[in-house]
Each structure stands twice: as C-alpha cells, then as structure tokens.
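Here is how the chains run, residue by residue.
There are 2 protein chains.
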Amino acid sequence: MENPKLKAFIPFFYLVWSDDILTQKEFFTLQEFINFQNWISQKEKELLFSKINILDPPSREELTDWKYEIEKVIQLKPSIRSILGISIVLSKNDKIIKDQKPAFIKLENDLGILGEEAIGNFRETTNIFTSNYQSVNRFSTKKLTQILDGKQAAIIKKVKSVISRPEFAYETSTDTDVYREKVYDWCKILAKENFGNRAFPKKYGGRENIADYFAIMETLSYHDLSLVIKFGVQFGLWGMSIQSLGTEKHFSKYLKDIGTLKLPGCFAMTETHHGSNVKGLETTATYNHNDQTFTIHTPNENAQKEYIGNAAKHGQMATVFAKLIIEGNDYGINAFIVPLRDTNGKILKGITIGDCGLKMGLNGVDNGTIRFGNVVIPKDNMLDRFAWINEKGKFESPIPSDNRRFFTMLGTLVGGRIGIPRSALAAAKSGLTIAIIYSDQRRQFGPEGGSEVPILNYRMHQRRLIPLLAKTYAIHFALQYVTNRFIDRKESEMQEIEALAAGMKAYVTWSTRDILQECREACGGKGYLSENRIDTLKNDTEIYTTFEGDNTVLMQLVTKSRLSEFRKSFGEMSTMGIINYVYENAKTLISEKNPIVTRKTDDDHLLDNEFHLNAFEYREKATLASLAKRIKKLIDSGLEPYDAYNVVQHQMADVSQAYLERIILEQFLTAIKSIKDKKCKEVVSKLSQLYALSQIERNKGWYLEDGYMEAVKTKAIRKMVNQLCWEIRPDAVSLVKGFDIPESCLAAPIAL
Amino acid sequence: MENPKLKAFIPFFYLVWSDDILTQKEFFTLQEFINFQNWISQKEKELLFSKINILDPPSREELTDWKYEIEKVIQLKPSIRSILGISIVLSKNDKIIKDQKPAFIKLENDLGILGEEAIGNFRETTNIFTSNYQSVNRFSTKKLTQILDGKQAAIIKKVKSVISRPEFAYETSTDTDVYREKVYDWCKILAKENFGNRAFPKKYGGRENIADYFAIMETLSYHDLSLVIKFGVQFGLWGMSIQSLGTEKHFSKYLKDIGTLKLPGCFAMTETHHGSNVKGLETTATYNHNDQTFTIHTPNENAQKEYIGNAAKHGQMATVFAKLIIEGNDYGINAFIVPLRDTNGKILKGITIGDCGLKMGLNGVDNGTIRFGNVVIPKDNMLDRFAWINEKGKFESPIPSDNRRFFTMLGTLVGGRIGIPRSALAAAKSGLTIAIIYSDQRRQFGPEGGSEVPILNYRMHQRRLIPLLAKTYAIHFALQYVTNRFIDRKESEMQEIEALAAGMKAYVTWSTRDILQECREACGGKGYLSENRIDTLKNDTEIYTTFEGDNTVLMQLVTKSRLSEFRKSFGEMSTMGIINYVYENAKTLISEKNPIVTRKTDDDHLLDNEFHLNAFEYREKATLASLAKRIKKLIDSGLEPYDAYNVVQHQMADVSQAYLERIILEQFLTAIKSIKDKKCKEVVSKLSQLYALSQIERNKGWYLEDGYMEAVKTKAIRKMVNQLCWEIRPDAVSLVKGFDIPESCLAAPIAL
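Going down the list, the protein sequences come from chains S and G.
Numbering of the first sequence is given in our numbering, commencing with residue 1 and proceeding in unit increments.
Numbering of the second sequence is given in our numbering, commencing with residue 1 and proceeding in unit increments.
Hints are computed from structural coordinates only; laboratory data are not their basis.
Just so we're clear, the structure is a prediction, and the values are computed from it rather than from any experiment.
Some hints could be false.
Same chains, same names: a pair is fine if it fits in one copy or spans any two.
Here are the simulated DSS-like cross-link-like pairs (lysine-lysine), alpha carbons at most 30 Å apart as the crow flies [stated by the list, open to error]:
1) 279 x 67
2) 560 x 67
3) 106 x 633
4) 72 x 633
5) 600 x 715
6) 568 x 67
7) 379 x 686
8) 142 x 673
9) 77 x 568
10) 77 x 633
11) 379 x 593
Could you put together the complete structure from these sequences and hints?
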C-alpha cells in the first residue's frame, strides 16, 4: 500500500484481524464501507479487499508491521484518542481522509469499536489510576486494636498468647478420632489457664467475670472453631446450666470439677423431632416419691437427644431437659443432671449413645445422640432453681405457669446467644483478613503494556469485600453493646435483652456466612485450598445459623416481641397514631417526606449520620406498623391467627432485620463518638457511612416503594457506596490488621 | 372470687402469669386498670390485686383452674373471638362488664395482646389451613421426567443404572488417598461403558455424540462430584484438548487410549500467578530447529501449573499451555503434549509435581502443581490445528494474530463451560430433592392442641425453597438450549455462543451455590450431617464458581461482548436511537411506561408471560444502553478507558445478569410451549410465572428507579410470589420426584 491515503485503513485492518471481540460480520462491514468510498479507485479497492479476505489472511509478519506502524504514530502523537486520528497521520494528513471524518466515525461505530479503548492496546499508558492505587498507612493499627479490645484488652492478650503456643498448631489429620482428642487436649490446657470457669463463682474457682468469658470465646475463635464449640459446650452450656438452673447443692458438688474439666458434660436439650420447638420435647422424668428418684426415659426413637456436643466421646454427665411427670400429671419441661459414663469413660446402664458421625464442619466436636432407658437418678439431681418437689412429693414453683417457667429457664441461658455471634464475628474477621491481604497482593490483568493490577483495585472486588468490612466493624461495636446490656441486665429488661440477643445471633451468623462465602470466592482457587483456612472457617460456622436457635425462627420471635411492644405503645392503631409513631423521632413529618429531602443527593447529606439513622429508624417503625396493621386486617377478615401469622412471615423477617440494623447503626455511631484518636475516628466513621449506605442500598426497593426516597437519591447512594469503597480501599489492609489476629491462627500462606 | 363480675379478670390474670411475651410492666398496667374502675369496691380491688402480686404468685393449681374455666367458656361458645367475650361469659353477662367494652379493649391493647391470638391458646382449632395443607399427586412424575430428559432419555437411563450399582456405593473414608483411588476406579468403570469417549470420533472408539456426553456429565453429577470432575478432566479437558487443538497424527496416537483411560492425562493451563488472565501465562516452549524439539520450562515458581486435576497422582501426560518462543521471538500461547509419568506412574526427569493437598471439596480429585525444568519434547507434540512450525523452522498459522489465535483456541474448549453448569444443575436438583422431601415430612410447631405443621407449609420456608425450584426448572431448559446452540454452532455464531456459555456457567453455578446454601439451612441440623450429603454437594460445587473461568470475570466478559453488539447495532448513540432500541420489541413506547401499565396489578396481567418477557427484555436493553452511554461519557470526560471500565464494573455485572435472565425465561417459555401433557404443562407454567416474578421482585429496586413499575405493582408482585409459592407447595414433592434422581445417589436418610 504505497498510496498514503490507503494507509488510513491499516488500524481497521489490524483490528478486524486481531481483536477477539470482532467477528466475521465485521469483515463485511469493512468491505461494504470500502466499496462505498468513491475516492478509491477500483484497483485500489481490489488491493484493500485483498487485505481482508477471510480465506486468505495476511501473514503474521504483515500484521506485526501494521501494529508497528500504528504504535509509531501513537508514540509520535500521544494525544491521539481516536482511530481516525491514527488514520489521518498514516495518510500523511490526506485531506480526503480528514473530510471523511463522519464516515470513518460511523465505521468505528458499525464495527462496535470504541476508539479510545482500541487505542489503549497500542500504547503504554502510565497514568492509569486503577493501576497506581495502593495500600497506605494512615493511622496506627495498634490504637485501632486498643479501641476494639476496650476493657477486655488484658484477657484478649492472654488468650492470644496461649493459642499462639506451639501445642496449639492446627491438627491436620483427617481422622476424626485424632481431631477430637486433640481438641479435648486443647480444652484441658484452656481449663488450666482458668479460661473456662471465668464466669463461675469465685467460691468454685471462678472469677465471676462474664465479660472476660465472652472475650475469651471470641478470641479463641481466631483459632480452631471445634475448640471453641467444645469449650462452649463444657463451660458455657454444661457449666452455665448448672449455675443458672441449679442451686447451691449443685454448685458445690459440680462447678469446681466442671471448671477444671475433671467433669466433662453435655447440654441435652434438642431431640430428633424437636429442635426449634423445644416446648415439644418428649423425654420424660417421672418422679417416684417412694424412693425419691426420677426415672428418665426416652419414649420413642424420635425423642432421643440429638446433636449433643461432648456426648459421643467425652461427656460423663448431662443436663437433660425432660417433661416432669408426677402422679401421671405433666408439669412441663424441667432440667435434670443425668450421669452418662463413669470416670473411666464407660457408658452407664440404660444409656445408649450414638455418634452423629461426620459433619460438614466442627469435626473436632464429638456430637452424639443419647437415649435413656428408664434411667433412675436421685431427687437431688433435679436442677431446682425455678421448681422443685417438696417433701410431700408435690410440685412447687415461684412461677406457676409451666410455659412461663420454661421460658424463664431458657432466658437464663441467653448468654449462649451472645457467645455464638461473638465467635461468628471473629471468624468473619479472620476471613476478611485473609481475603483482603491476598487481594492487595494478588495481581491479575492490567492495561496493555502496564503491570498487572492488584485485584483489590477493581471496583467489583471492592464492592464484594469492603462493605462487609464495614459491616464487621459495625457488628463488633453492636455486640459489645449487647454484651454490656446482658451483663448489666435488670429483670424488667430481660424480655428486650432476650429478643435483642436472639436477633443479633441470627443477624451476625448470617452475616458471617455471607462474608466467608464472599471471601472464599474473592480468593479464587487459593480460597478453596484447605491450607488457607477459609474452607474450615466457612464449614465450621455454617451451623451457627442453625444451632442455639434456628435463625429464621429466631427472627420471627424477635418480630413477635416487637409487635407486642408496638401494641403496648399504641393501643388502638388509629391511622394518625401510626403516622405519629413512625415519625416520632423526626423533626416533622414534612421534613422526612418532603420532595426536597426524598430527592436530596448532595454529598454532605448522603454522608450525614443523622440522615442514615433517620432512614433506619423510619424503616424500622414503618415496617413494624405496617405489619401490625396487616395482621389485624387479616384476623379481622376472619383468618385464624395462626394462619394470619403464616401469611405475613416474610414481612416479619423484614421487621426484625430493620430493628437490628437500627440498633447496630445506633451503637456503631455511639461507639465512634467515644473514639479519641483522630485518625482512627476518621476511618471508622467512613466505615459507618459505608455500612449505613450499603444497607440502605440493599433495601432501596423498600425505600422507593414507600416513597421515602426517590430514584435520583437511591442512584446517588449507589454511586456513593462505590465511592466510599474506593476511598476506604487504601486503608483496608490496615483495617484488618487492626483486628490483630495472631499470625499462627490465621496461618493462611496467602495472607502472609 | 365469688363475685361473677370479678371473674371477668380471670383471662387477663391467666395471660399475665403465663404468656411468655408479657413482662413485669404488664402487671402494673393491669393494676392501674383495676384501680381506675369505679364499679369495683376497695375490698374487691384488694382481692384482685392479690392475684397479680409478683411477690406472691398464685399456685400452679389456681392457674390451672383459671385455664380450665376459660377453656370451658370457649367450648361452650366457640364463636368467641375476643378476651372480652370470655370475660362477659365468666361474669355471667354482667351488664357492667358489657358496658366497659371500650375500657377492656383498651386494656387488651395496652397489654399488647391480640385477643384472637390469645384465644388460640385455649381452644383446639381444626380448621387451621396452615396445618391441613399437604402434598398431592396432581400429575405424572414419569411424564415430567420424560419431558426433562428429552432425546437423551436412553443414555440418562443407562448412566443411572451404572451409578446405582453396588460398586458405586459412596466412599466414606476420610483418607484422601483411599478416596482418590476409589474415584479413579469408578472412572475406569465408566470408561469401560464407553461414557468417556462418547464425543470422540468413531474411528477411535467414540460415538461422535456430544449431546450424550453432556447428558452423561449431568447425570453422573447425581453421584459423587469428584468422580464427575475427574471424569471431566480426563475425557473433557485432556481428551477434548487433543481433539480440538490437535490434528490427525495426535488423534490416532492418543484418542483411543484416552477414551479407555489407558492414558490418563491433564489439562495444564492455569499457573499460580495466572488464572483468570491466561494470556499472561509464563511457561515457555522454546523451539530448537536443530533437533526439531521444544523445551518446556517453568521460568519461576509463580509460573508453575497449579490446581491441575489428575496431576498429583494419575496423569501420565498433559496438554500444556505455554508461550511459544522461536529464535527469541514470542509467538503467543500454544498447546503442547508433555509426558509427566511413565506407564508405571514414575515421574519423569525434569518434571516436579506438587500436591494441592486437602481442599474444601472434590478431595477425590488429585489436583497438583507441575513444574518443568527444561523438559524436551518432540516437535510433533505441538497441538497444531491452529499454528505449526514449518520445515524451515518458521511459524505458520491461518490466524495471523496471536491474540485472536489464542482466543480461537480457547473458543474450541467452550464445551467445558457447558458441562460445568449442567453438573451444577444436577447438584442443585439433588439438594432441592433432599430439602423438599424433608420439609414435607419434618414437623415443627403448630396451633395449640393441633398436630405440628410440616415445615414446608410455612410461608417463609416456601419462600426459601420454591422460587429456587422454579429457577432450577428454568435453568434446566435454558441449558438444553445452550447445549443445542453449541452442538449446532456455525462459525459466525461462535462469539455469541461463547459469551452465552460463559454467562450461563456463571449464572448457574452461582445459582447452585445459593440453592445448596438454602437447602443446608432449610434442613437445619440434619443438613449439617454428612450422611445427608448436602455438605458434600455444597463443598464440591463451591469451586464451580471459580474454575472454568472465575464467575465475576466471566460476567464482565459477557457484558463486553454485549457492549460490542450494542455498538454495532447502534452506531452513534443518539438519545432517540437508544430509546427506540430499548423499546424495540414493545408495541409502542406508550404501552410500556403508560401509568396504567406501570400500575397494573390484576392477576391476569401479573401472571401473563408476555408481561414477564417484556419486563425482562426491557431491563436487558435499558441496562445495556445506560452502561454504553455511561462508559462513553466517562471516556469523553477524559478518563482512560481502563479506568472507565473499572468505574462501571458494578453496572456491567447487572447487564450480563439481565441478559442471561432474559435468555433463560425466553427458553423456558419456548420449552413449555412444546409440552404436550396438559397437567405437566400446567404446573411447569406456574413455575415459569414464579421464576419470572421472583426475578422481577429481586430487581424491584431497579424497576422502581427506572419508573417501569410503580410501588403498587411491585407490592402486588411480592404478594403474587407468595401466592404462587403457596399454590405450588402441594406439587413440590412431585416436582422434585420428576428429576428422577436414583435413591442410591441421593442416599440421604432424611429424604427417604
């Protein structure tokens, strides 16, 4: 092609032959274009056609020459931003080519090429900000750790030092027996450190420090989660059931040995046919006044105790929940201490133990089934804090209602619903630490000629991980709050605290499920290798959404409690009453649903915590009021209440979600207020904005349906979420380092 | 309480003492109420107060008596629907009580009691429809299976009969070596059945039947997924790489032995540092013209081949992807056959094999790493369908561009992106079968006095599983379509088919991830036990979202291809052009965004497939047009294209999602048209409505933002989704039975 003006076609020729998105069709487009140009002679057309004949491709060398010519042009004139620009230079500024500008631009479009993009393949660009972005150290991660650890810093440090010892190296055997024994041995070490009995009375070796106990559970969760659950079963469930449901005679007899792990035990509540609906338990404890004993019995196979931790191998006793029968009358569910094995581990007469076998995770915990065949225990083995049998063989209780008594008993065990989400939180922190450190180092793809880009620089990758990091920080502070509420509880607050703990258990364990899923995928193939530990974190915590109360059931219970509160506050649900309720905390009704506010999109407003909190509160109240109205309407229309509640189950899940998110945001903001270090406060505040906005974004359908926001605003929020992810990205590594997880616990080669 | 009118308080007394939601506060509410009643004497007030003294509770007997009195009233007058109604009867129709109606109703409200609900606790109701709902047999599951299996029914039946044999009993050992050998042995049995070489040329023992091959992959996936992947590596990746990238000399030398599993091999593409960005592979194949050989070499540790199936134990050869170097020049990525082990399994000189070790799942597959230390192979070992070295030692290829050639090579391997989602589909079907059968049998909670309710009757449980069942049916037919498109492909369609397969791979594997997650949780503790197999299904398929192309990356690629198509159709993106494009298939612009349509909520309209398809198409086009505009705007504003694409990554994910969902719905509806059995057609049509509406519901935020729908409509859609779940529930068990998964494969005790 000696004729310079024909050279104008070189970039197009190069592109149709080399671009992997252009197809055969594009050859015809190009042929047609050439054919149509009246400034090219027939002979020249033949020449041009010969270059785009699919049956006779150019040689690799010719293609390379074309590429070289194009690159030369771009080096000469780096400002060129269109294919036509190259064509003009190649044609030596031929006037005809310049005049054909509209035609050439149309050609680019018809080929589906974006000129600027295509040019990117020919030049080495250095000012790509996607490539240049990186981690920075803008604040002290040590100070951040202090803020997170708070008053429990000392015990957290101690636990970390213990689990970092060589004897806590992870077990790599896939043999369940080996793993179970290792976990048991670890538990003994922890017992020696007085970690297990931390919350027990001082009289029996404890420290009466429940705050420390929760911090221990959480910190241990940076290590093996089978260990945490085994530990929790022994000291939290078995030990605390004695402490909460028993009386002095039980304390003095058992607590010390439980605390030292001399007396391993179980918490035997769940039965095969009754997990969520524990009121329906069928195991019986029949009182025999003659010899002052109880007979514990499993009436049918489906009434066997199931999934009981410590049962398959190590447990010597169990707190067994059973229906108390006296003289043929049913006195509701009560708790009894039943020996399972002798001190040599031999299973006692009448006890049948099954092994739950391999599980998805937590295989270091020996879950089993227990069946009782008329097992006789002394009268003293009834845990008698809330009910007992008097000397005449009659039932006595300060709580006359069997139903209320059972829920009171369950209420004393609510600590488990705080320990579990705190353990889940730690697992999420581990996953995020691994995934974020890896994403900061792992490079894949990049602009032509430039180096590959850390995958954490990709917006999609940021979207996957950084809102979850924000959520994890939010949850951290919210769980601190729930823990404190539990520790400082008054009797009159118990119902609220129980609902709060149940809800947080569900919210946080689901959050961990989602976080670990995202971390696994974000680490690609490396995330699938066991050495990087995301698999174990994920599989071990998978059951957290089920045990200690199935999440879906818990969320319904939380909503029931919210509904009851709502009804108490509102009495007759008049329309105005509800409107006032919904807008109670807003300055005026107008200020919230005013078009100026529903459309407000300036950055200051979008980043304003007051806007966030208002939006969360509004959603909480509006969903609750709407649910209450709907249930009433359904029942008024003649539906049985049981059916009415079933119809609205989906809405009920929304109500508890909205309630919990309001609490979490509120407590996050409260905690931030007390942060003194300016730099830490700044970055954590950004996390609070991201948490708030990403939750609003998730619920944008609801806000739009309600009219609380208009489309301009939800779209602006989406952009702001992207923006915040981008802004937080350089701090992401420091933010996970702030969790301060021992390296030996993380252990993932990709996170070193 | 001899005075009858005082008896009016009995139900309130009973409730405050026994209800588990009422708290201390309610005692004060009740005291205050009593105090305020001027029709009660002071002495009577004292008496009443004595019944609600927290410090002196009534006896359990008294409570039981109250309950008995209330129950008697309700038995007598079953029509009673309020607490007051009971009070009136107990007071013997005392006029004062009747007159106090407003006060008593206020009291109920203040206590947070919903009268109708509270009464439910005293009566045995039989007409609770939540309890009475159950599975029915409304259609022939056999006919449904025929519809699903279609033309591949014979081979599907054959595969099922093979994997149901005793030798295919699941391996229960946790020892990886044992498991790997078992899987290898299974593969040998399958090879003997001529399953592996089904798509190979007849000349080399095959049947040239690719449709059968995919059906085999899918059906095998009802069994162990390690088996499927090992099978796929051997026959699909190793075998097909020879068949697709090699020429006759390779076919005759290798294909027969690959088909019989005499020659186990690997597909060695991925490297530690290059997984998604395979163009960046660093392994080199240097041509030596002197002795007509290639030297295969791993230049650094991060260029080792990683995650390679069959590498750690069994592979004797590998198709290795490496940069071809001739005389110091780089000719891009090409493929070479490299021996790894001799026939005794001894690793050859220059080859270093690593073991990926324990993985989250698929532990029956021996994934490993491979390093090449200047391994010399003969010239003939280059797979030379698309490029070769001529006798003069010069590179030759009909595809002059290295880039285009590499993507052409990858394009021939697109079958893997059909096999994987089909395998994922089968895993989802297994999970749903287990979870739905269990949910139909498992009972938990129920109305007072009634039997417990099958958990599948709970709306929330239906919401969790039934839309996913609908989605699974939708995907089934869509994957049939993709398979057929692939089998009948023309060269000119390849780009579209590649994008489609890539997108479906991502969409379906994510769908399986979500489905198995939901199934695990829906089965509670039972879902966590390995015996019920959801854990394995879940962990094995977990990596499906990563291998054969990371889903997130694939979705971006699909969108890039959509963008290119869009640009070709639209040239200059004028506003009117885009609007016309978006509304192309709609009758008129007005008919779509007309307020009557955006607010239309009648059942006929909501269930109309044309409405669904229009909504899906609209979303597909509108998101694509908006993305194209946004990218152009960003680039026009001076952003480098690489950065611009990064900014919109999140939007890009939406575009491919909308595109895929349109295809899936379209193909689902097309498939339904050809169903002849009326009853099957009816139930499957309902599934199509549920699939469509639940996707619209998921995207309601988008539809509202866009103005395509208004709040009244999205709310009506939510209700319709609930309604469809409820209507499909009695068919749910039959619908999963239609999948016809062999019982020995399901194997879950909870699904028997």
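Results of checking the hints against the structure:
1. 279 x 67: between (77 Å within a copy, 18 Å between copies)
2. 560 x 67: between (70 Å within a copy, 23 Å between copies)
3. 106 x 633: Result: close only across copies, 18 Å inter versus 61 Å intra.
4. 72 x 633: Between copies only: 28 Å across, 76 Å inside.
5. 600 x 715: both (11 Å within a copy, 25 Å between copies)
6. 568 x 67: Cα proximity of residue 568 and residue 67: across copies only (24 Å, versus 77 Å in one copy).
7. 379 x 686: neither (59 Å within a copy, 60 Å between copies)
8. 142 x 673: within (19 Å within a copy, 65 Å between copies)
9. 77 x 568: Answer is between: at 28 Å across copies they meet the 30 Å cutoff, but 76 Å inside does not.
10. 77 x 633: between (73 Å within a copy, 23 Å between copies)
11. 379 x 593: neither (64 Å within a copy, 75 Å between copies)
Hints 7 and 11 from the earlier list are contradicted by this structure; the remaining hints agree with it.
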